[in-house]
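Participant: Sequence:
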Amino acid sequence: MKRIWSIVFSVVFMFALPAFGQGGVNNGEMLGPVPNPSPGVLDGVYVPEHIPTKKLIPWEHVREADAVWSKRVWRYIDLREKINHPMYYPLDKINAEISPTDLEWTKHQRRWSLWTVILTNVLNGNLTVYSPENPLNKIKDGDSFKYPIAPPPGKTVSDSVWFIDNLLGYLATEEACERIPIPSQVDPEEDSMRQIVVNGEIIWDIVMTTCPYIYFQSEDIVQYRLKEDWFFDKERSVMDVRIIGIAPVRYATNEDKTAITGYEEIFWLYFPECRYVFQNYYVYNAQNDSRWFSYDDLFWKREFNSVIYRSSNVYDRKIDTYRVGVDALLESEKITNEIRMIEHDVWSL
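Residue numbers (this note's numbering): 269 to 617.
Computed list of lysine-lysine pairs in DSS-like fashion (alpha-carbon distance at most 25 Å, straight line):
{"no.": "1", "residue 1": "K569", "residue 2": "K339"}
{"no.": "2", "residue 1": "K350", "residue 2": "K361"}
{"no.": "3", "residue 1": "K602", "residue 2": "K350"}
{"no.": "4", "residue 1": "K569", "residue 2": "K323"}
{"no.": "5", "residue 1": "K602", "residue 2": "K569"}
Think of the hints as simulated: they come from the structure by calculation, not from any bench.
Given the structure is predicted, the values throughout are model-derived calculations rather than measurements.
Please model the entire structure based on the sequences and the hints provided.
Facilitator: In structure tokens, the structure reads:
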């Protein structure tokens, strides 16, 4: 009997091993980053297959009539906090040309930072980027998902011309460097730096620059902002939450890139779309290496710490417009407690 089971195990292992390092697209293959050892080598005790092959668990359907109370909040996840480090680490390193298909990308073998997951799938065309502001009048309402940055019919994200003109500015920044004049494309006898007179003063007008672009890397992302709806579902008698959008945030700098001036939302992503990607990527579990979970699990189980910086209100304003410092944190905690008390007292409303 033992010999029979040994033969069965050997056959199953032989067929499972080729899929161990593959990345497929909803065809039963492993989707997330997994070890890719040499043929016949198993890097571990067992084949990790739960997270790389699992299917998305849909949210519970909610009817409008069953949502007897709801509140919209915006919060930020500070990646400097230790509990949030699984989103920040491991750090990657990107040495890339402008083309999205020409990357030299050093990444961890089994698990990636959340930014690496996002950038990889944006470059692959699996996630749609939404501009954080109106491109016409610079109104910052990108969390409404009104301004998708998507290739037109017949083009893909990997199309170099479209990528440079439309998407590159959301994934990379122009590196600070010396401005070097180069020959003009129109008149070869002219260079790209011309003297012009402004208010009687001679200044240089830079027409073209040779400064390269560099991709944002994991260490550049300092926050993630979430837009979410809290609601009470009377059919299930539970207080529930749905994350609507997520935005990576980096430090904003002055024009010379010598001083930090604040925070900048890079772009917004529609979270229900992200779930199809996040479900197949590992998140580190400090307590148990055999029980790593996915990024979708992390957000569903609320395995992070965050601070509310805005909630729905009659003035349509953020907390930092009327509270600063510790008072802003206390106001955030006040909103959290109000949501918690609604759950306790909802039947008396």
